[in-house]
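**Student:** Next come the chains, spelled out residue by residue.
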Amino acid sequence: GAGVSQTPSNKVTEKGKYVELRCDPISGHTALYWYRQSLGQGPEFLIYFQGTGAADDSGLPNDRFFAVRPEGSVSTLKIQRTERGDSAMYLCASSLLTSGGEQFFGPGTRLTVL
Amino acid sequence: DQQVKQNSPSLSVQEGRISILNCDYTNSMFDYFLWYKKYPAEGPTFLISISSIKDKNEDGRFTVFLNKSAKHLSLHIVPSQPGDSAVYFCAASFQGGSEKLVFGKGTKLTVNP
Numbered sequence: 001g002a003g004v005s006q007t008p009s010n011k012v013t014e015k016g017k018y019v020e021l022r023c024d025p026i027s028g029h030t031a032l033y034w035y036r037q038s039l040g041q042g043p044e045f046l047i048y049f050q051g052t053g054a055a056d057d058s059g060l061p062n063d064r065f066f067a068v069r070p071e072g073s074v075s076t077l078k079i080q081r082t083e084r085g086d087s088a089m090y091l092c093a094s095s096l097l098t099s100g101g102e103q104f105f106g107p108g109t110r111l112t113v114l
Numbered sequence: 001d002q003q004v005k006q007n008s009p010s011l012s013v014q015e016g017r018i019s020i021l022n023c024d025y026t027n028s029m030f031d032y033f034l035w036y037k038k039y040p041a042e043g044p045t046f047l048i049s050i051s052s053i054k055d056k057n058e059d060g061r062f063t064v065f066l067n068k069s070a071k072h073l074s075l076h077i078v079p080s081q082p083g084d085s086a087v088y089f090c091a092a093s094f095q096g097g098s099e100k101l102v103f104g105k106g107t108k109l110t111v112n113p
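These protein sequences, in sequence, are chains A and B. Numbered per my numbering, the first sequence spans residues 1 to 114. Numbered per my numbering, the second sequence spans residues 1 to 113.
Chain A extracted, bound-state conformation:
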């Protein structure tokens, strides 16, 4: 079946602009996660959804970052007033939320803020 998909694959924007990154999880996966990976680092947790609600948003760096999952499937990560430091690979993952359930990652969206 289809894996996790993310769009766009690349996004270039200017400082101060608003961007939206989309994630389509594997069908039937109840848990959805967003991570951010900077060069030379491992992925860093941003936010985790269980169904429609954010179960843990402790990784969001500040209030410019927001994510939604209104119908419990597709999720959108929204970044307001982008800064050059927001440039990174944004990864989405989904899982079945059973004990030991592995997280399946999408290919990521490469965000570049000029």
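It is worth saying that the hints were derived from the structure and are not from the lab. What you were told as hints is all true, and nothing was included just to trick you.
Chain A is nowhere near these chain B residues, computed Cβ spacing over 10 Å in every case:
{"id": "1", "residue": "Ser-8"}
{"id": "2", "residue": "Ile-18"}
{"id": "3", "residue": "Asn-27"}
{"id": "4", "residue": "Ser-28"}
{"id": "5", "residue": "Phe-30"}
{"id": "6", "residue": "Leu-66"}
{"id": "7", "residue": "Asn-67"}
{"id": "8", "residue": "Pro-113"}
Chain A side only, calculated, beta carbon under 8 Å to chain B, not exhaustive:
{"id": "9", "residue": "Tyr-33"}
{"id": "10", "residue": "Gly-59"}
{"id": "11", "residue": "Leu-91"}
{"id": "12", "residue": "Glu-102"}
{"id": "13", "residue": "Gly-106"}
The structure displayed is predicted, hence computed values, not measured ones. Glycine included, every Cβ here is placed at the ideal spot set by N, Cα and C.
Given chain A, work out where chain B should sit, using these hints.
**Tutor:** What follows is chain B alone, placed relative to chain A:
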């Protein structure tokens, strides 16, 4: 502070030999550990996992060992193949893996033919 540490940024081995990738963690509340492999321009791919109630898990050429007293785990790949060349991330989680993953910085493995 880095809760999951991979102290070797890179490792180079000969095809057919054993690759050993190491990982240390500081939070004793972690109860589930995973290894992911990442190729350029792709998302991380799950490789193997281990629960804290075990000390070894094996899947084909891949074996993960967990030493809880030392807060250390390792991934063994035997025999190593050129297609194994990738960046390997160690990750740890709470609640049996259902919550967020905390990743190390990764180790780039190169398997030479």
